[in-house]
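Peer 1: In the order they appear, the protein sequences are chains Y and U.
Just so we're aligned, residue 1 is where the first sequence starts under our numbering, counting upward by one.
Just so we're aligned, residue 1001 is where the second sequence starts under our numbering, counting upward by one.
Read the hints as simulated data drawn from the structure, not as lab findings.
None of the values given here were measured: they were computed from a predicted structure.
Note that CB positions come from ideal geometry on N, CA and C, so glycine has one too.
Treat the hints with care, as some may be off.
Here are some of the chain Y residues that sit facing chain U, going by a computed Cβ distance under 7 Å [claimed, not checked]:
{"id": "1", "residue": "Gly42"}
{"id": "2", "residue": "Tyr50"}
{"id": "3", "residue": "Tyr64"}
{"id": "4", "residue": "Tyr100"}
{"id": "5", "residue": "Pro107"}
Listing some non-contacts, in silico: residues in chain U with all C-beta distances to chain Y over 10 Å [to be verified]:
{"id": "6", "residue": "Gly1015"}
{"id": "7", "residue": "Gln1025"}
{"id": "8", "residue": "Asp1052"}
{"id": "9", "residue": "Glu1056"}
{"id": "10", "residue": "Phe1063"}
{"id": "11", "residue": "Asp1068"}
{"id": "12", "residue": "Ser1069"}
{"id": "13", "residue": "Ala1089"}
{"id": "14", "residue": "Gln1091"}
{"id": "15", "residue": "Pro1110"}
If you want the building blocks of each chain, they are given just below.
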Amino acid sequence: DAGITQSPRHKVTETGTPVTLRCHQTENHRYMYWYRQDPGHGLRLIHYSYGVKDTDKGEVSDGYSVSRSKTEDFLLTLESATSSQTSVYFCAISEKVISYNEQFFGPGTRLTVL
Amino acid sequence: GQSLEQPSEVTAVEGAIVQINCTYQTSGFYGLSWYQQHDGGAPTFLSYNALDGLEETGRFSSFLSRSDSYGYLLLQELQMKDSASYFCAVQYNQGGKLIFGQGTELSVKP
């Protein structure tokens, strides 16, 4: 299994509070991604990173920010959590994206915003 | 807008063959992937097609027709452990961005 961990695994928070989720990899893969998964929507890309300090928006980036100061860590921040951000968040990594794109997913973080 | 369409549910019996179809409409296309997910756990990669044709990996095969914006995942010799959700995903830019379908829940019956 690819070495990807996410922390915390579960979190309950209140509306309006800031929340940071961490993704840590030991594979030295260049690309890292944050997705959210909600019933009926599959997986939707929030943000991704193509290198240290290089990030770009996905399809559902509003209300989220990311940072990547080291190859191994990719942080997702909800500046002011809302109930609509209750979801399961998955981090993924990949090394190659041209000709072959296999993404390895972390175990997920279940976030509940009350 | 960008969209992928796949059936929401499929049921089959153990030992049978099942095909899960995926049609897509995206701004760019670099490849079609398939992922498996058990009970909300981490999705796991099954296959990737960048070119037209069939890719075979054990009991699983995946097909792509870029001219038809269509692909499918074929599962042979179904086993109970194959009961899971299956997602198709299109890579639509060079940076590896994926857009996922809503998933097909496969139930394998004895």
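Peer 1: Take the hints in turn and mark each one as holding or not.
Peer 2: Here is how each hint holds up against the structure:
no. : hint    : in the structure
1   : Gly42   : holds (4 Å)
2   : Tyr50   : holds (5 Å)
3   : Tyr64   : violated (15 Å)
4   : Tyr100  : holds (6 Å)
5   : Pro107  : holds (5 Å)
6   : Gly1015 : holds (29 Å)
7   : Gln1025 : holds (14 Å)
8   : Asp1052 : holds (14 Å)
9   : Glu1056 : holds (16 Å)
10  : Phe1063 : holds (17 Å)
11  : Asp1068 : holds (21 Å)
12  : Ser1069 : holds (18 Å)
13  : Ala1089 : violated (8 Å)
14  : Gln1091 : violated (5 Å)
15  : Pro1110 : holds (27 Å)
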